[in-house]
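If you want the building blocks of each chain, they are given just below.
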Amino acid sequence: MTSKKRLLLINAVWWSVCAIIRATILLQQGITYTEAIADGIINFGLLGASCIFIINNMRYYLPKKEKYWYVLIVSVALSFVALFVSRVLVKLLFGSDAHYMKVFEDAIGIRFGISFLLVGCMALMGLLYYTQEDQQLMNERKNVTEKMAKEAELFKLRQQLQPHFLFNSLNSISALTGTQPEKARHMIQQLSDFLRGTLRKDEQQWSTLKEELEYLELYLEIEKVRFGHRLQTSIQCDDEALQMKLPSLLLQPVVENAIKFGLYDTVGEVCICISAKAINGMLNVTVQNPFDPETAQPLEGTGFGLASIQRRLFLLFARHGLLQTKTEDNFFITTITVPQLLS
Amino acid sequence: MKVVIIDDEPLARSMVKEYLAAYPDMQLAQECSDGFEGVKAIQQHQPGLIFLDIQMPKINGFEMLELIENPPSVIFTTAFEEFAIKAFETHAVDYLLKPFSKERFDKALQRFLQQKKGTPEQTQALLETVSSSPAQASRIVLKDGGKIKIIPVPNIQYLEAADDYVKIYTQEGAFLKKKTMQHFEDILQQHFVRIHRSYIVNTQLITRIDPYEKDGHLVLLSTGARLPVSKAGYGKLKEVLGI
Numbered sequence: 001m002t003s004k005k006r007l008l009l010i011n012a013v014w015w016s017v018c019a020i021i022r023a024t025i026l027l028q029q030g031i032t033y034t035e036a037i038a039d040g041i042i043n044f045g046l047l048g049a050s051c052i053f054i055i056n057n058m059r060y061y062l063p064k065k066e067k068y069w070y071v072l073i074v075s076v077a078l079s080f081v082a083l084f085v086s087r088v089l090v091k092l093l094f095g096s097d098a099h100y101m102k103v104f105e106d107a108i109g110i111r112f113g114i115s116f117l118l119v120g121c122m123a124l125m126g127l128l129y130y131t132q133e134d135q136q137l138m139n140e141r142k143n144v145t146e147k148m149a150k151e152a153e154l155f156k157l158r159q160q161l162q163p164h165f166l167f168n169s170l171n172s173i174s175a176l177t178g179t180q181p182e183k184a185r186h187m188i189q190q191l192s193d194f195l196r197g198t199l200r201k202d203e204q205q206w207s208t209l210k211e212e213l214e215y216l217e218l219y220l221e222i223e224k225v226r227f228g229h230r231l232q233t234s235i236q237c238d239d240e241a242l243q244m245k246l247p248s249l250l251l252q253p254v255v256e257n258a259i260k261f262g263l264y265d266t267v268g269e270v271c272i273c274i275s276a277k278a279i280n281g282m283l284n285v286t287v288q289n290p291f292d293p294e295t296a297q298p299l300e301g302t303g304f305g306l307a308s309i310q311r312r313l314f315l316l317f318a319r320h321g322l323l324q325t326k327t328e329d330n331f332f333i334t335t336i337t338v339p340q341l342l343s
Numbered sequence: 001m002k003v004v005i006i007d008d009e010p011l012a013r014s015m016v017k018e019y020l021a022a023y024p025d026m027q028l029a030q031e032c033s034d035g036f037e038g039v040k041a042i043q044q045h046q047p048g049l050i051f052l053d054i055q056m057p058k059i060n061g062f063e064m065l066e067l068i069e070n071p072p073s074v075i076f077t078t079a080f081e082e083f084a085i086k087a088f089e090t091h092a093v094d095y096l097l098k099p100f101s102k103e104r105f106d107k108a109l110q111r112f113l114q115q116k117k118g119t120p121e122q123t124q125a126l127l128e129t130v131s132s133s134p135a136q137a138s139r140i141v142l143k144d145g146g147k148i149k150i151i152p153v154p155n156i157q158y159l160e161a162a163d164d165y166v167k168i169y170t171q172e173g174a175f176l177k178k179k180t181m182q183h184f185e186d187i188l189q190q191h192f193v194r195i196h197r198s199y200i201v202n203t204q205l206i207t208r209i210d211p212y213e214k215d216g217h218l219v220l221l222s223t224g225a226r227l228p229v230s231k232a233g234y235g236k237l238k239e240v241l242g243i
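In the order they appear, the protein sequences are chains A and B.
Each residue of the first sequence is one higher than the one before, starting from 1 at the first, in the working numbering.
Each residue of the second sequence is one higher than the one before, starting from 1 at the first, in the working numbering.
If you are wondering where the hints come from, they were derived from the structure by calculation, not from laboratory data.
There may be inaccurate statements among the hints.
Said to hold, decoys possible - Here are the computed lysine-lysine pairs in the DSBU-like style, where the Cα-Cα straight-line distance is at most 30 angstroms:
#, chain 1, residue 1, chain 2, residue 2
1, A, K224, A, K260
2, B, K149, A, K260
3, A, K260, B, K86
As the list claims (entries may be wrong) - In silico negatives: residues of chain B with every beta carbon more than 12 angstroms from chain A:
#, residue
4, K2
5, P57
6, H91
7, L97
8, L109
9, Q110
10, T129
11, S131
12, K143
13, D164
14, I206
15, R208
16, L241
For every residue, glycine included, the Cβ atom is placed at its ideal position computed from N, Cα and C.
So that you can see chain A by itself, here it is in the shape it has in the complex (with noise of 0.2 angstroms):
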């Protein structure tokens, strides 16, 4: 059954309910029985109809402001229509009966408070019916809305590609091309695979750790070319860490801001050291790179870089402190913690 028919039932259950209950009253009125039922159909049918007719206006227009002003002045006029109707078909069908004209006219005043009431509370509840369906669907729409943003936003974290990785590493491969055709042609083959992992969409969200590491060598490796002897690397893992899972193009950009941070905030050779190690179950990934006390701005150590992969974190596991940052002598360490989703 629809919603709309549902509404229309309870009204006629209860229209026949309240007509049954004044025509009982009026028959212990000293009322005809002919006139006793007449005067309910009559005077409840009206209500009734007001009420059908209320409803279905809430359909197509309900004020957002002063809502309940609306429904109080509908009420009141729609219930004295009706009285008005009421009387004037009474007066035309039973108008020789002074009886029960006379009790008619005594309760009009209660008549008028009745119908106000039992109006009233229907055109409540099919405001409160309309006002609820109203926030159902804008609740589904949020919903949508949210998780849409929250994808997107997820996308984008995963995508950003740094112009300048971009530039140096082609103007580094045009380099190449005069003195070393091989070592162009296979630096474009590892630029090329890097780029493409890049572009992964959605449907590999999670990646191993052994198939984040060898995205992240062909990401060192260009480096490498690119800096020359200043860059060293090291990777340290345990085989049970080499297993678990974690989102994937994760670990490449703390690797990036590791190598900036290295690589421009000192002169001279720079390690990069990354460990990973399998603690209560979780993956704990850090990385390490020198770094100048003096010269580096504190601000910088939760900069941007590691401001959007503490973001996809939260975004992904919905908790805080996943990514810890210390620095230990002269060394900056970050410190990734993947709790692992049972699957």
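Chain A is fixed; fit chain B onto it per the hints.
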């Protein structure tokens, strides 16, 4: 003519070197992998032209140029530096976007040889613009004796005018930089207020403000320093501190 190439990536330097080989009049005096080497090389060789990368370790290309008394003609080589490109255009300083072609390189050299672009005056004007841009204003690079000193802005306690120089006070002592107070007033925005014709203060260090003589005030810093505040300076200070 002597040429110096300054770039932190060896392959980027070899690219310029390769293109430059077609110009027998241009003699490559030195290749440098960072700004520190760059400053030394320029002082030593007095080159007529330098090729300069912007993003480099410790100090960037602009900061390096600021350390040189009379900067030579420059052709910038950069991968991606949105804010700087506008400045290059405005001041007619040439720049090569990596990776660049031989044709583009030749064109830049032709323009330089005809002195159309990249004269020392144009370089100087470029530096003025760039050094006051917000992207450059997070630290101050200067020469202290023979050494290059990098001062992160939050480490500055206050600045004092000293003839053609500005004296920058930090925990490690005072350093001189050849700039105007107006320049620093422009670049130091958050937390810094010019309280006097001769003083700019880091408001985060202020512990007390006392009345002093008629119309004047004195600020006391947590470091123990006392600085005079002019009438106009007091107005600005009140506004910034919200009192």
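Hints, one by one, checked against the model:
1. K224(A) <-> K260(A): Roughly 13 angstroms between the alpha carbons, so the hint for K224(A) and K260(A) holds.
2. K149(B) <-> K260(A): 21 angstroms, holds
3. K260(A) <-> K86(B): Holds, at roughly 24 angstroms.
4. K2: K2(B) is indeed farther than 12 angstroms from all Cβ atoms of chain A, at 22 angstroms.
5. P57: 5 angstroms, violated
6. H91: Nearest chain A Cβ is 23 angstroms from H91(B), so the label holds.
7. L97: 7 angstroms, violated
8. L109: 18 angstroms, holds
9. Q110: Consistent with the label, Q110(B) stays out of reach of chain A, its closest Cβ about 21 angstroms off (over 12 angstroms).
10. T129: It holds; T129(B) is separated from chain A by about 22 angstroms at its closest Cβ, greater than 12 angstroms.
11. S131: Holds: least Cβ distance 17 angstroms, greater than 12 angstroms.
12. K143: 15 angstroms, holds
13. D164: 26 angstroms, holds
14. I206: 21 angstroms, holds
15. R208: Non-interface label stands for R208(B): nearest chain A Cβ at 26 angstroms, farther than 12 angstroms.
16. L241: Per Cβ check, L241(B) is outside 12 angstroms of chain A; nearest 22 angstroms; holds.
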